[in-house]
Amino acid sequence: GAEAMVLESVMFAILAERELGPKLYGIFPQGRLEQYVPSRKLDTCELSDPSISTEVAQKMARFHGMRMPFNKEPKWLFGTMEKYLSQVMRLNFTRESHLRRFNSMLAYNLPQEMETLKLLLESTHSPVVFCHNDCQEGNILLLKGRHSSDKQKLMLIDFEYSSYNYRGFDIGNHFCEWMYDYTCEEFPFFKVDTQNYPSKAQQLHFIEGYLRESDQGFDNLSTEHQMKLKEELYVEVNRFSLASHFFWGLWSIIQARLSTIEFGYL
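Quick note on full-length UniProt numbering: the sequence shown kicks off at 1 and runs consecutively.
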């Protein structure tokens, strides 16, 4: 409601001030006036470009360094998933193809899967930071007139899911997006290629860019210590990428039932 809109405007203003998002020129009851940024969205295949990957990592690290005037309890992830799961367990589908797929998913005992996931993540150390929570190629702009070799060429947009959350989720979720191309012209309007999930070398490249930006002392550490930190974050991120699959999986099941957009949610 109105309160959520005020919070979103506050967040937008702070991000604009730190040059992490478009400038904010004004707000009014039904919306806000934002800077027009000449740009285009990234393509999925560009996420693996080493220069782009490093800058996404740097932007995410700066985002995570923000101090926001919001609740800092990391309730968003499991709070939202629990809400989604209870909705999913009450859904009924009429379309035969939907019903068949839905029943095959329910065979996995989703509440039990979520409990197992929760136990795994509770035993995984991951700092609570201010997360974007939807860092996919469609929410990353390549600024006009900049080239992939330029140092500052990207801007993050679309902060509707942003909240305090576990660092590992934001990075793991971004890695999952390497597999999905949403520019498909025909049903289901996306393509998925699991071979495109970043290799360990690609993940460590991203992680190094992230740690260099978020930890001022990282460059002064020994090579062994740097590698230890990178390996620890690698494990953290890949555990939380499981939560990304589960989160957006539940979201998609609900969208298949409620959304009027033609898209292969299920």
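Simulated from the structure, these hints should not be mistaken for lab results. Treat the hints with care, as some may be off.
[Said to hold, decoys possible] Distance ranges between label pairs, derived from CB positions: (1) L229 x R101: 19 to 29 Å; (2) E231 x R62: 15 to 25 Å; (3) S9 x E73: 32 to 42 Å; (4) E19 x K72: 40 to 50 Å; (5) Q87 x L143: 35 to 45 Å; (6) R40 x K72: 30 to 40 Å; (7) E122 x G65: 21 to 31 Å.
Small disclaimer: the values here were computed from a predicted structure and weren't measured. Virtual Cβ for every residue (Gly too), placed ideally from N, Cα, C.
C-beta pair R40, K72: status relative to the range 30 to 40 Å that was hinted: Given a distance of about 35 Å, which is inside 30 to 40 Å, the answer is holds.
Satisfaction of the hinted span 35 to 45 Å by the C-beta atoms belonging to Q87 and L143: 38 Å, holds
CB-CB spacing for R101 and L229 relative to the 19 to 29 Å hint: With a Cβ separation near 41 Å, L229 and R101 fall outside 19 to 29 Å, so the hint is violated.
Assessment of proposed distance window 32 to 42 Å (beta carbons of S9, E73): For S9 and E73 the Cβ distance comes to about 22 Å; the hint is violated.
E231 paired with R62, Cβ distance criterion 15 to 25 Å: Given range 15 to 25 Å: holds, Cβ gap about 23 Å.
Cβ distance range 40 to 50 Å for E19 and K72, holds or violated: About 23 Å separates the Cβ atoms of E19 and K72, which means 40 to 50 Å is violated.
Range agreement (Cβ of G65 with Cβ of E122, hint 21 to 31 Å): 25 Å, holds
Violated hints, listed in ascending order, are 1, 3, 4; each of the other numbered hints is respected by the structure.
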